Amino acid sequence: SVERKKTLNAFGAKVIYSNPLEGSDGAIRLSWKMYVENPDKYCKLDQYNNPSNPQAHHDGTANEIIAQTGGRVTHFVATIGTGGTVMGTGRRLKEFNKDIQVVAIEPDCALHGLEGLKHMASSIVPGIYHDDELDLKIGAPTEPSYEMAKRLAREEGLLVGQSSGAAMWGALEVAKKLKSGVVVAIFPDGGDKYLSTRLWEE
1 SVERKKTLNA FGAKVIYSNP LEGSDGAIRL SWKMYVENPD KYCKLDQYNN PSNPQAHHDG
61 TANEIIAQTG GRVTHFVATI GTGGTVMGTG RRLKEFNKDI QVVAIEPDCA LHGLEGLKHM
121 ASSIVPGIYH DDELDLKIGA PTEPSYEMAK RLAREEGLLV GQSSGAAMWG ALEVAKKLKS
181 GVVVAIFPDG GDKYLSTRLW EE
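Just so we're aligned: the sequence shown equals residues 1 to 202 in the numbering used here.
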């Protein structure tokens, strides 16, 4: 988005563009190429394969959820970007209570408009992501996710982005099938980064 580019420029960063048709996978490939060719020039943190990513959520996010729900959480819902949130948080919650259901939300097709999220069947699968640790995976459609983001702003006063809209959409899909339970969803992005995009067009 324009907002992200301006933020990077404000910090003095040089923005290098990858092929937009390749999505985040194109950025991953290009960053690896740049690093391999100039390892002394670049630092490659690689959040898609860095075990510190899920570990941070295991040690932090999950324990916050346990504390803030008084341990009553029954379902945990998170979108798949790098995979760090759903993997790390899910592991810790399962350690706390093996019956807690871990639900991952991904775009429902390869050509989607949910920036930051991965459609796993058509993407480079992050090394930190393990499908067998999930209880359920749900495909979120783009337009309902956009609409949910708008509802969260207008009805709840939460300015979130489209991936957060997808998370809320998924959480409601889970909740519809429950007689009782405590469903926790993580909102991974803020809406201020997308004010120039069609997300907020009427």
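Errors might be hidden in some of the hints.
[As the list claims (entries may be wrong)] Only pairs whose alpha carbons sit at most 27 Å apart, straight line, appear in this in silico BS3-like list of lysine-lysine:
1. K44 - K94
2. K150 - K5
3. K98 - K5
4. K150 - K177
5. K179 - K5
6. K41 - K98
7. K137 - K150
8. K193 - K98
9. K14 - K33
10. K41 - K94
11. K94 - K193
12. K179 - K94
13. K44 - K193
14. K150 - K98
15. K94 - K137
16. K41 - K14
17. K44 - K14
18. K6 - K33
19. K98 - K44
20. K33 - K94
21. K150 - K176
22. K6 - K150
23. K6 - K41
24. K41 - K5
25. K179 - K98
26. K5 - K44
27. K33 - K5
28. K177 - K193
29. K137 - K6
30. K176 - K14
31. K94 - K150
[As the list claims (entries may be wrong)] Computed beta-carbon distance windows for the label pairs:
32. S18 - K137: 36 to 44 Å
33. E155 - C43: 27 to 35 Å
34. G70 - K179: 18 to 26 Å
35. M34 - G60: 35 to 43 Å
36. G139 - P39: 36 to 44 Å
37. P51 - L136: 18 to 26 Å
Hint data in this document are derived by calculation from the structure and do not stem from the laboratory. Only a predicted model underlies this, so the values are computations on that prediction, with no experimental measurement involved. Heads up, the beta-carbon is just placed ideally off N, CA and C, and yes, glycines get one too.
Quiz item: Holds or violated: K94 with K193, Cα cutoff 27 Å?
Solution: Measuring from Cα to Cα gives roughly 33 Å; hence the hint is violated.
Quiz item: Under the criterion that the straight-line Cα-Cα distance not exceed 27 Å, is the pair K44, K14 satisfied?
Solution: Satisfied, since the Cα-Cα distance of roughly 16 Å is no more than 27 Å.
Quiz item: If you check the beta carbons of P51 and L136, does the distance land in 18 to 26 Å?
Solution: holds (24 Å)
Exercise. Assess, step by step, whether the Cα of K41 is no farther than 27 Å from the Cα of K14, and give holds or violated.
Key: holds (14 Å)
Quiz item: Under the criterion that the straight-line Cα-Cα distance not exceed 27 Å, is the pair K177, K193 satisfied?
Solution: Violated - the C-alpha atoms of K193 and K177 are around 33 Å apart, more than 27 Å.
Practice problem: Starting from K179, check that the Cα of K94 is at most 27 Å away, please. | Solution: holds (21 Å)
Quiz item: Are the Cα atoms of K94 and K137 separated by 27 Å or less?
Solution: holds (16 Å)
Self-check item: Distance restraint between K176 and K14, which requires alpha-carbon spacing of 27 Å or less
Solution: Since the Cα atoms of K176 and K14 sit roughly 46 Å apart, the hinted pair is violated (cutoff 27 Å).
Quiz item: At the C-beta level, are M34 and G60 separated by a distance inside 35 to 43 Å?
Solution: violated (30 Å)
Quiz item: Within a Cα-Cα threshold of 27 Å, do K41 and K5 meet the stated pairing?
Solution: Distance of about 22 Å is within 27 Å: holds.
Quiz prompt | Pair hint outcome, K44 versus K94 [Cα-Cα no greater than 27 Å] | solution = Not satisfied, since the Cα-Cα distance of roughly 31 Å exceeds 27 Å.
Self-check item: Restraint check for K179 with K5, where alpha carbons must lie at most 27 Å apart
Solution: Distance ~45 Å between K179 and K5 Cα, so the pair is violated.
In the structure shown, a violation is registered for the earlier hints numbered 1, 3, 5, 6, 8, 10, 11, 14, 19, 20, 28, 29, 30, 31, 32, 33, 35, in ascending order.
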